[in-house]
Amino acid sequence: MNALNISLPGLSLKNPIMPASGCFGFGREYSHLYDLSQLGAIMIKATTKEARFGNPTPRVAETSAGMLNAIGLQNPGLTKVVEEELPWLSQFDVPIIANVAGSMEEDYIAVAKEISQAPNVHALELNISCPNVKTGGIAFGTVPEIAQSLTKKVKEVSAVPVYVKLSPNVTNIVEMAKAVENGGADGLTMINTLVGMRIDIRTGKPVIANQTGGLSGPAIKPVAIRMIHEVSQQVSIPIIGMGGVETAEDVIEYFYAGASAVAVGTMNFVDPFICPKIIAELPELIHSLGFDHISECTGRSWKTVEKLTHHRA
Amino acid sequence: MNALNISLPGLSLKNPIMPASGCFGFGREYSHLYDLSQLGAIMIKATTKEARFGNPTPRVAETSAGMLNAIGLQNPGLTKVVEEELPWLSQFDVPIIANVAGSMEEDYIAVAKEISQAPNVHALELNISCPNVKTGGIAFGTVPEIAQSLTKKVKEVSAVPVYVKLSPNVTNIVEMAKAVENGGADGLTMINTLVGMRIDIRTGKPVIANQTGGLSGPAIKPVAIRMIHEVSQQVSIPIIGMGGVETAEDVIEYFYAGASAVAVGTMNFVDPFICPKIIAELPELIHSLGFDHISECTGRSWKTVEKLTHHRA
Amino acid sequence: MIKQEICQVIDQREIATNIYELTVKGELVHEMTEPGQFVHVKVNNSLSPLLRRPISIANIDQSRQTFTMIYRAEGKGTSLLAKLKQGDLLDVLGPLGHGFPVDEVESCETALLVGGGIGVPPLYELSQRLTANGVNVIHVLGFQTKNAVFYEEEFKQLGATYITTADGSYAYSGLVTDVIKNENITFDVLYTCGPTPMLRALEKENRHKKVFLSLEERMGCGIGACFACVCHTGDDPTGVSYKKVCSDGPVFRAGEVVI
Amino acid sequence: MIKQEICQVIDQREIATNIYELTVKGELVHEMTEPGQFVHVKVNNSLSPLLRRPISIANIDQSRQTFTMIYRAEGKGTSLLAKLKQGDLLDVLGPLGHGFPVDEVESCETALLVGGGIGVPPLYELSQRLTANGVNVIHVLGFQTKNAVFYEEEFKQLGATYITTADGSYAYSGLVTDVIKNENITFDVLYTCGPTPMLRALEKENRHKKVFLSLEERMGCGIGACFACVCHTGDDPTGVSYKKVCSDGPVFRAGEVVI
Ligand SMILES: Cc1cc2nc3c(=O)[nH]c(=O)nc-3n(C[C@H](O)[C@H](O)[C@H](O)COP(=O)(O)OP(=O)(O)OC[C@H]3O[C@@H](n4cnc5c(N)ncnc54)[C@H](O)[C@@H]3O)c2cc1C
Ligand SMILES: Cc1cc2nc3c(=O)[nH]c(=O)nc-3n(C[C@H](O)[C@H](O)[C@H](O)COP(=O)(O)OP(=O)(O)OC[C@H]3O[C@@H](n4cnc5c(N)ncnc54)[C@H](O)[C@@H]3O)c2cc1C
Ligand SMILES: Cc1cc2nc3c(=O)[nH]c(=O)nc-3n(C[C@H](O)[C@H](O)[C@H](O)COP(=O)(O)O)c2cc1C
Ligand SMILES: Cc1cc2nc3c(=O)[nH]c(=O)nc-3n(C[C@H](O)[C@H](O)[C@H](O)COP(=O)(O)O)c2cc1C
Ligand code: FES
Ligand code: FES
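Taken in order, these protein sequences are the chains called A, B, C and D. If you count by full-length UniProt numbering, then the first sequence holds residues 1 to 313, one letter each, in order. If you count by full-length UniProt numbering, then the second sequence holds residues 1 to 313, one letter each, in order. If you count by full-length UniProt numbering, then the third sequence holds residues 1 to 259, one letter each, in order. If you count by full-length UniProt numbering, then the fourth sequence holds residues 1 to 259, one letter each, in order.
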């Protein structure tokens, strides 16, 4: 029996493991290392209407059990992604989740409308949470009303289900999640990076040219788990979880917290084979924990607690 | 020449290094390991009006380069702290910063009023940011108006300067900082812990009995540095920085970001001698970086950038 | 006195499946006076894992200035600990806490030592102290399965030793409490260390006896400063009074704290 | 083809102050075809440090299936790397990027190889390839100070070698560009690797020559997927076109990218 296949809005996945946006380009580099058809899905690099160069370098810095990045949404632009990258990716038997970004509402709408028509794009991931872009962006990810309205407008034009990617840099993550759910989001992806900074003690200057960057990697996993645990109990749309995933055990922890699929970001840089490795390890792990199918794990942390409370009452 | 002495409101410090609140109890345990008079100051465990037992155990869990705690403000209560712990601490030549907590405004006011009278308490640290207490607390740390009003009321009764401890779990840290500055705060201490969670994959339950806990340690340092960098440019009161400090270099990084003193929390558990070690290493490090006095380091990251911009213009 | 010292590994061996016996040398051995105390070790020099690990002192050899720990390699930290080889260095903080009171039992009286799994190790040093004092010792030691059994011979040399396995794959089958009952074991003082359900059962079944239990709790500092490891006291089970497992314990008199 | 392999350390030695020469063995050596490529190494098995470190390939020995890296132990990762001993394992991803084009210079022509500090290592493999092709090689190698000089003899065996130190403590004193000027060194092709200011100066002073530069940039993935290491192209210096140092470089023709 297949213990890993998962159905989510727009996505019929062989398994719930996928590379996170921005950590896998458009797949070309990793395709030289392994067959991309093994993956549950691929979240491609953020696409904006026009090509962008992004921020000056240095764009990355290492931190304890994590890293900072301030790529600044560098990408070849909508046309090139639709005309070159997506057709190239169509040689693999893997659904694509297109990460959509912009500085203004109109940008998001334009990208969403067109990219969602691509035959291998099965869902959009609305990136309202990129911490490395100065203009506009931040309000989309931190003001519930603005996020809701953007979600609604994108939903209107998208040919495929829309997942909204939440920023952890907010006081109340549940409020943000509910707002985008009310805006019609079909699912959530969380979390994007925490805003962080490092300073070089010899030069006195921020290590990253953009000064601040997004903190990712194992360091942030407890924050992601907490947020997914809170949000999954308050919304009825599925969550694709991410933040520091490095092992099959981490995947289970994300499911227990309330995720229905998991993306791997930073750890691709450390171990380029991490996604296929985790996919290979999951079936045995799931069975050793007493499950027949990974979907049984979703929300177990709070389902267990509920059951316990009920039992004691 | 003394390269480390620092003057802050209420505090005339031999050096800018102090253990962070909750990570050093009331000093008794560490006093068996070294002479507490070496420290710049001591931030004692949060004190509430009545004694508290705190949360059920397990209260701590390890994470990648960090830990979660949900002690739940366990402490012997105001009377015992004032009558036993503070007099005991007065044998050391070290100023005490008393961490003041509560569930309601009146609690804070009562504790602040009385504890600020103790002769060795030279400043208060208003803990409006403890993530592990369910009732009330959270609004104090996340709603600017409420934080401002509390600060004002505590200032009215306190016999010593008041530092407000900011929570990182907010969308806009500058707004919080400015609110408490407007409320009359004499300084800021930042950051408290990020709210996080871990789930045991065998039991399916949160590792911490309280479910969520506060994430501390090196993992959170980039978040702290970023927040201090932002806030220090927008307020005119000094900042005592904390979050994952483990080396003398980290101290310099905090100063560069904008801190005027630094507290060490979690790393006391890993290396109980960490504070005196850092204090011993700092003078040489400062000189090797070309400074005569550590105070020259404060805000260097943004001062440098300013200068550069100016120069280029 | 508590010391922090970089100790040297003298020997490390796997003595049962995943169970390691690690002997290290250091001056802090001179501070190790009570059986049942523990050390807090940093398994490597890195931030991963971050925290120290509490491990009981299983044997002390003052003449050689060494002490021995016995532990199960399970999670991240203990698995790394298991890789240490002779000559490697280990950062040890200790000795910590209060151990088993050996003077609660007189010469010629009988002490029953009951251990479960990785609760067995501290009983070894205890048993040596007691026998040195002329106390009769009886050991009842429970393990999961045959391959997990260790130190049977060592304990047998000190006194009567009953081994039981949860799955019946070796010696007796079942719980340590069954063995005590079925074998009609009598004693003056009971010392025990092991899983909480075992400690609870022993406490319950020996209400009117002198019983000393060694507890386990997740720890931060290990020295009493962080309030991670507290438990309620027996006389105020829902109130604010407390004991810290790391510094008031890990050994408590039965009833002293709520387990 | 890029491979990931757990290689075995054959030898590690400190060849100048804080400069280590590390030789490892693995099948991925068969993939190492161009001089000037690099590998991305994981210095240990832990999360601390998290990221791989890019290190140039300094010497390739196909017959022994080994390659050599030369690096300065400075930060967290390289300091840990320096602790590896013969027999230890090292996780290597490589070979990565595009190296120096050896066929840009003909037999009997002259190639000038200019290295600065830890930019010197990749020139060693390059110099061997060039001399094997019958090219005359001249080396100008700059170091901070006397104790930082390495591989002087090795380079001398391949061709004329000028060493200069920034503080004048050994051989020539001053910049590599001064040496080239003062010694009137002429050449057909220039290959260089070292600090950016040095590369800029060489590029500027040799506008009409064939110049190939090896760049350094902070890296995430090392294989072209993360956009960490991009630079603007020379023909569109403020626009959106770009090259990735890790996969399009690290070696570029002068003018190809903005440095
Ligand atoms: C006073 C005391 C004495 C002990 N003596 C021994 C002994 O002699 N031999 C032995 O094998 N074990 C002993 N233990 C248990 C031992 O501390 C844990 O097995 C060990 O910490 C697990 O670490 P890990 O790296 O394998 O697991 P991980 O899962 O990586 O541990 C994660 C975190 O949880 C903590 N933790 C996990 N399990 C336990 C536990 N059972 N008790 C306390 N903290 C835990 C770890 O210390 C660490 O902080 C003792 C515990 C205490 C409190
Ligand atoms: C293509 C390429 C080839 C290189 N070849 C060599 C070589 O042969 N010998 C050698 O000694 N050095 C070489 N370097 C530089 C080497 O990568 C850095 O010195 C090393 O990464 C520093 O790591 P650390 O652990 O000492 O420092 P840390 O300060 O701990 O490093 C922190 C982070 O910054 C990165 N970083 C720091 N300095 C540099 C740098 N100069 N370039 C790129 N990333 C950096 C690290 O990779 C790491 O991600 C090369 C760099 C590149 C890009
Ligand atoms: C180098 C880098 C680039 C990223 N680019 C994007 C991006 O373009 N769009 C996006 O939504 N998230 C982006 N992210 C965030 C990741 O998709 C992911 O949400 C985050 O890194 C947390 O996962 P991780 O800890 O596994 O990396 C990027 C992350 C990194 C490290
Ligand atoms: C076990 C523990 C207990 C803490 N208790 C308190 C407390 O009582 N009051 C408070 O303001 N902060 C408390 N903190 C937060 C620390 O003072 C500090 O702000 C935070 O841990 C970040 O610093 P660090 O990364 O160096 O630990 C506690 C932290 C830990 C780890
Ligand atoms: S572990 Fe810190 S008080 Fe016991
Ligand atoms: S390092 Fe990732 S693209 Fe070059």
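Source of the hints: derived by calculation from the structure; they are not laboratory data. One or more hints might be untrue.
[Stated by the list, open to error] Partial pick of chain A residues on the chain B-facing surface, computed with a CB cut under 10 Å:
#: 1; residue: Ile146
#: 2; residue: Gln148
#: 3; residue: Val223
#: 4; residue: Ile252
Positions of the beta carbon are idealized from the N, C-alpha and C atoms, including for glycine.
Going down the list of hints, with the structure as the test:
At its closest, the beta carbon of isoleucine 146(A) sits 12 Å from a beta carbon of chain B; the interface hint therefore is violated under the 10 Å criterion. Against a cut-off of 10 Å between C-beta atoms, the interface hint on glutamine 148(A) is violated, since the closest Cβ of chain B lies about 16 Å away. The closest approach between the C-beta of valine 223(A) and any C-beta of chain B is roughly 5 Å, which is under the 10 Å cut-off, so the hint is satisfied. Satisfaction of the interface hint for isoleucine 252(A) is found here, the shortest Cβ-Cβ separation to chain B being roughly 5 Å, below the 10 Å cut-off.
Against the hints set out earlier in the document, violations occur for numbers 1, 2.
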